[in-house]
Amino acid sequence: MTTDKAKEKAKEKVKALLLPMAVLLAFEAWARATHLQSDSLAPPSEIAMALAGAFADFSILTATRDTLFSTFAGLAIGTVIGLALGIAFGISDTLNRLMEVTVEAIRPIPSIALLPIALIALGFGYRMEIVIVAFACVWPILILSRAAVRSIEPRLMEVSRALRLPAAQRVWKIIIPAALPRIFVAFRLSAGIALIVAVTVEIAINPLGLGAGIMLAQQALRPDLMLAYLVWIGVIGYALNILLVVAQHRLFGRAALSGDSA
Amino acid sequence: MNRIATIWLWRAASFAVAASFIALWQLIANLKLVSPVFLPGPDRAWASLMRGFSNGDLWSKLAGTLEHMAYGWLAASIAGIAIGAIIGSSRIMRTYVAPSLEFLRPLPVSAIIPVAIAMLGLTQAMALFVIAFGAIWPIMLATIHGFAAVEPRLYEVARSLQMSRLAVILKIALPSASPDILAGMRLSLTVALILSVVCEILAGLDGLGHWVLLSARAFRSADLFAGVILLGVTGYVTSVAMSMAEHRLLAWQASQR
Numbered sequence: 106m107t108t109d110k111a112k113e114k115a116k117e118k119v120k121a122l123l124l125p126m127a128v129l130l131a132f133e134a135w136a137r138a139t140h141l142q143s144d145s146l147a148p149p150s151e152i153a154m155a156l157a158g159a160f161a162d163f164s165i166l167t168a169t170r171d172t173l174f175s176t177f178a179g180l181a182i183g184t185v186i187g188l189a190l191g192i193a194f195g196i197s198d199t200l201n202r203l204m205e206v207t208v209e210a211i212r213p214i215p216s217i218a219l220l221p222i223a224l225i226a227l228g229f230g231y232r233m234e235i236v237i238v239a240f241a242c243v244w245p246i247l248i249l250s251r252a253a254v255r256s257i258e259p260r261l262m263e264v265s266r267a268l269r270l271p272a273a274q275r276v277w278k279i280i281i282p283a284a285l286p287r288i289f290v291a292f293r294l295s296a297g298i299a300l301i302v303a304v305t306v307e308i309a310i311n312p313l314g315l316g317a318g319i320m321l322a323q324q325a326l327r328p329d330l331m332l333a334y335l336v337w338i339g340v341i342g343y344a345l346n347i348l349l350v351v352a353q354h355r356l357f358g359r360a361a362l363s364g365d366s367a
Numbered sequence: 009m010n011r012i013a014t015i016w017l018w019r020a021a022s023f024a025v026a027a028s029f030i031a032l033w034q035l036i037a038n039l040k041l042v043s044p045v046f047l048p049g050p051d052r053a054w055a056s057l058m059r060g061f062s063n064g065d066l067w068s069k070l071a072g073t074l075e076h077m078a079y080g081w082l083a084a085s086i087a088g089i090a091i092g093a094i095i096g097s098s099r100i101m102r103t104y105v106a107p108s109l110e111f112l113r114p115l116p117v118s119a120i121i122p123v124a125i126a127m128l129g130l131t132q133a134m135a136l137f138v139i140a141f142g143a144i145w146p147i148m149l150a151t152i153h154g155f156a157a158v159e160p161r162l163y164e165v166a167r168s169l170q171m172s173r174l175a176v177i178l179k180i181a182l183p184s185a186s187p188d189i190l191a192g193m194r195l196s197l198t199v200a201l202i203l204s205v206v207c208e209i210l211a212g213l214d215g216l217g218h219w220v221l222l223s224a225r226a227f228r229s230a231d232l233f234a235g236v237i238l239l240g241v242t243g244y245v246t247s248v249a250m251s252m253a254e255h256r257l258l259a260w261q262a263s264q265r
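Protein chains in written order, with the working numbering: chain R, 106 to 367; chain S, 9 to 265.
There could be a bad hint or two in this list.
[Unchecked claim] Chain S is faced by these chain R residues, among others (derived, beta-carbon under 10 Å):
| id | residue |
| --- | --- |
| 1 | Arg-202 |
| 2 | Ala-210 |
| 3 | Ile-211 |
| 4 | Ser-216 |
| 5 | Ala-218 |
| 6 | Leu-219 |
| 7 | Leu-220 |
| 8 | Pro-221 |
| 9 | Leu-224 |
| 10 | Ile-257 |
| 11 | Leu-261 |
| 12 | Met-262 |
| 13 | Ser-265 |
| 14 | Met-331 |
| 15 | Ile-338 |
Hint data in this document are derived by calculation from the structure and do not stem from the laboratory.
None of the values given here were measured: they were computed from a predicted structure.
Quick reminder that beta carbons are idealized off the backbone N, C-alpha and C, glycines included.
Looking at chain S on its own, in the form it has when it is part of the complex (with noise of 0.2 Å):
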C-alpha cells in the first residue's frame, strides 16, 4: 500500500475517533447524567452557533475579538522588534537593559491589568495597552536573543564594508534572527487571544470574551459552548496561519541549508 494512502486512513480512522467522542458526549447530554443547565448536547451547541451566525450577533462577536487580538499583536510586533533590535545590537544596552527585562518575564502579565485600569479606565485603550504589554515580551526577547546570536563573523564583514548601524539591523541582524523572532510572534499571538478575553470580560467590551460571561451569567449554556468553540477556533486557525506564514517567510533559510 503507498504511504499517502496510509495517512489518509489514519487520519480517517481518528477523525472517527473524535467523532465517537462527540456521539459519546451526545449521549451524557441525552441522558441528562449531566444536568442540561451545565451541559449542552452537541446538537445544542451546534444549533446556537448557527443561529448565532446566521443573525450576525457572533460574527460582531467574533470580529470584536479579532480586532483587539490583531492591533495589541501588532502594536506589540512592531514596538517588540524595534526595542529588541535596538538593544540587542548594542553592548552597551546588552549589558544594562537585558537583565532587568529578563527578571520582568515571569511577572504573570495579567497583573497589569488592574494597574491598566487605573491608568485608562474600562476602555478599549486599556485592553489595547494590556495585549500589546503582554504579548511584547516573547517577541522583544527573541529579537534580543537572536541579534545575540548572529554568526559574528557577518559583523566583521558588516564592519569592513563600513555599514552603518541602520544597515547592519536591517540587512545582516534581522534576516539571521528572523526565526527566532517569527517563533516569539507565534508565541504572543496565544498570550494576545487569552488577554483579549480577560480584558473583554473584566471591561464588558465587545467580543467573544464578553458574549461567553454573559451567556454562563444567564445560563444559556448552549450560547456559552459555542463561544468556547468558536475561540478554540480562532485559536486554532490563527496558530495555523502563523505557521503557514513562518514557512513561508523562512523558506529561503531552509533552502539554504
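Only chain R is shown next, with the shape it has when bound in the complex (with noise of 0.2 Å):
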C-alpha cells in the first residue's frame, strides 16, 4: 500500500519534471536552427556554461554572499523591531488602539520608495539596503505576531497572572513559546520579502549583489550570463523557501499548519 503511494508520487514528480524539460530541449533546439543571436536570449547550454563560469570566478559567490548578508541583516532587524511591537500590542489592546492611527499611516508606504530617502541618508551600500528590507520586513511580523499573541489560549495568561510572573517573564515564558510556531510562519513569509526587496533594491540602484550583477550582465550584452544570474536567482529564492518550510516542519510540525491559513 505504502509502496504504491511513494510510487505514485515518484510518478507525479516525473509528470512535473517533463514540462520545464521539454520547454528547455525545444528551446536549444530552436536557438541552434536559428543560429540565434540576441542581445536577450541565449541558449540553455550557454546559460549552463556562463553559470559554471561565474562561478569559476567565485564573481557569483560573492554577489549571493553580499546579497544574503543584506537579507539577513535585515530580516534580523525587522524581525526583532516587528516582534517587540506585535507582541506589545498584542498583549496591551490599549497600546494596539492608540498606535493604530500611526501604524495604518506608515504601513502602506511601499518599502521601495524609502529607497531615495536612505540613499541620500546613507550613501550606497549595505546600510541602506539593510534599513530598506527591514522596513519591509517588519509589518508582516508585527501583524502575524499580534495576532498570535491575541490568540493564545486565555487560560495560559491566567495561569501567568495567578504565578504572579513579573511582565518580562511572562512574555519570556509563556507568551513566546505558545505564539511561537505561529511567529515563525511570519518569518518565513518575511524571509521571502526580504530576499526580494533586497535584489530589488539592487536592480533598481545599489551596486551590489546578485541584483548588481544581474544588471551589469545586461548592460554588458551578456544575455547568457544575465540568464545564469536570473536562474541562480530563481534558484537561491527556492532554496530559501523549501528550507524555511522544512524548518518549521521539523520545529512545530502540526502545530505550526494552523497559523497559516490566518
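Dock chain one against chain two, each of which comes alone in its own frame, and use the hints as you go.
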C-alpha cells in the first residue's frame, strides 16, 4: 500500500519535470537551428556555461554573499522590531488602539519608496539596503505576531497572572513559547519578502550583490550571463523557501499549520 | 456609555497619538537634530505637497504612476484569471504545469527587469510587461487553488446537467473561487505599486518613482518626502478601495452562510 503511494508520488514528480525539460530542449533546438544572435536570449547550454564560469571566478558567489548578508541583516533587524511591537500590541489592547492610526499611516508606504530617502541619508552600500529590507519585514511580523499573541489560550494568561510572574518573565516563559509556531510562519513569509526587497534594491540602484550582477550582465550585452544570474536568483529563492518550510515542519510539526491560514 | 461613542473616543485618542508623533518630527526638524538636507519638517513636506498639487506637477506624476499600476494590474488580472482557469479546470494541466509554476513562485520578480530591459528597452512597454508579470502570480495561483478547492459535488451536478467546460468555468468554478481570486488580486495590487515605482526609477518614466529619485538626487528633501507620503497614500487608498470592492462582490456569499 505504502509503496504504491510512494510510486504514485514519484510518478507525479516525473510528470512535473516533463514540461520544463521539454521547454528547455525545444528552446535549445530552436536556438541552434536559427543560429540565435540576441541581446536578450541565449540557449540553455550557453546559460549553463555562463553559470559555471561565474562560479569558477567566484563572482556569483561573492554577489550571493552580499545579497544574503543584506537580506539576513535586514530580516533580523525587522524581526526584532516587528516582534517587540507585535507582542506589545498583542498584550496591551490600549497600546494597540492608541497606535492604530500611526501604524496604519506608515504601513502602506511601499518599501521601495524609501529607497531615495535611504540613499541620501546613508549613501550606497549595505546600510541603506539593510534599512529598506528591515522596514519591509517589520509589518508582516508585527501583524502576524500581534494576532498570534492575541490567540493564545486565555487560561495560559490566567495561570501567569495567578503565578504573579513579572512582565518580562510572562513574555519570555508564556507568550513567546505559545505564539512561536505562528511567529515562525510570519518569519518565513518575511524571509521571502526580505530576499525580494534586497534584490529589487540592488537592481534599482545599489551596486551590490546579485541584483547589480544581473544588471551589469544586461548592460554588458551578455544574455547568457544575465539569464544565468536569473536562474541562480530563482534557485536561491526556491532554496530559501524550502529550507524554511522544512525547518517549520521539523520544529513545530502540525502546530505551525494552523497559523498558515491566518 | 454606548459602544459607538467608545469606538470614536479610541479613534480620537489614536489620532492624537499620531499627531504627537508628527509634532515630535517637527520638533526634531526645528532643533536640527538631523540635518535638514535629509529630514525636512512636516511643515516643509506639507508645503511642498501643496505647491506640487497647485502647479499640477504632482498630479501628473501621480497620474503616471496610477496609470502604470492600473494597466499592468488589469492585464495581470485578466491573463491571470484566464490562465488560472485553464490550468485549474483541467486535471492534466494541474499535474503537468502547476508544479512548474509553484517552482517559479519564490523567484524575486524584480529579477525579470533586466531581461525585460534587454528585450524591450527602457520603455513604457517594458514597465507594463514587468508589472503585469509580477502581478500575475498571486492571481493565477489563487485561481488555480480556488478551482481545485471547488466543492466536488458541484462538478457532479454540472456533469449530470451536461454543461460545457466553458459553462462549468463561468457558472460554477469562477463564482466559487472568487474569494481566492479577489484575495490574490489584492496582493497583486501592492506588487504592482512597488514594481511601478521600481520601473519608473530605472527607466525614467513619468511618475512618482522618478519624481522621488530626482528630488533625492537634487537634495530637495521636502519634495522627496512629499512624494513618499503620496506613495503611501496611494498604497492605502488602493488597498481600501480593493477591500471595499471585495466586500461588495462577495456580499452574496456572506448571505448564503
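Here is how each hint holds up against the structure:
A distance limit of 10 Å between C-beta atoms decides the matter here; for Arg-202(R) the minimum to chain S is near 5 Å, and the interface restraint holds. Taking 10 Å as the C-beta cut-off, the interface hint given for Ala-210(R) holds, the closest approach to chain S being about 6 Å. Contact between Ile-211(R) and chain S, as hinted, is supported at the beta carbon level, the nearest pair being about 7 Å apart and thus within 10 Å. Interface hint at Ser-216(R): satisfied, since its Cβ lies 7 Å from the closest Cβ of chain S, which is below the 10 Å cut-off.
A hinted interface residue such as Ala-218(R) counts as satisfied when its beta carbon comes closer than 10 Å to some beta carbon of chain S; here the least separation is about 4 Å, so the hint holds. Nearest Cβ of chain S to the Cβ of Leu-219(R): about 7 Å, under the 10 Å cut. The hint holds. A distance limit of 10 Å between C-beta atoms decides the matter here; for Leu-220(R) the minimum to chain S is near 7 Å, and the interface restraint holds. Because the beta carbon of Pro-221(R) sits about 3 Å from the nearest beta carbon in chain S, less than 10 Å, this interface hint is met.
The beta carbon of Leu-224(R) is positioned within 10 Å of a beta carbon in chain S (closest approach about 6 Å), and the interface hint is therefore held. Interface hint status for Ile-257(R): violated, as the beta-carbon distance to the closest one in chain S is roughly 23 Å, over 10 Å. Against a cut-off of 10 Å between C-beta atoms, the interface hint on Leu-261(R) is violated, since the closest Cβ of chain S lies about 27 Å away. The beta carbon of Met-262(R) comes no nearer than 22 Å to any beta carbon in chain S, farther than 10 Å, and the hint placing it at the interface is violated.
At about 26 Å, the closest approach between the beta carbon of Ser-265(R) and any beta carbon in chain S exceeds 10 Å, and the interface hint on this residue is violated. Given hint, Met-331(R) at the interface with chain S, holds; its Cβ is 6 Å from that chain's nearest Cβ, closer than 10 Å. For the restraint placing Ile-338(R) at the interface with chain S, the shortest Cβ-Cβ distance is roughly 5 Å, inside the 10 Å limit, so the hint holds.
In summary, the numbered hints that this structure violates are 10, 11, 12, 13.
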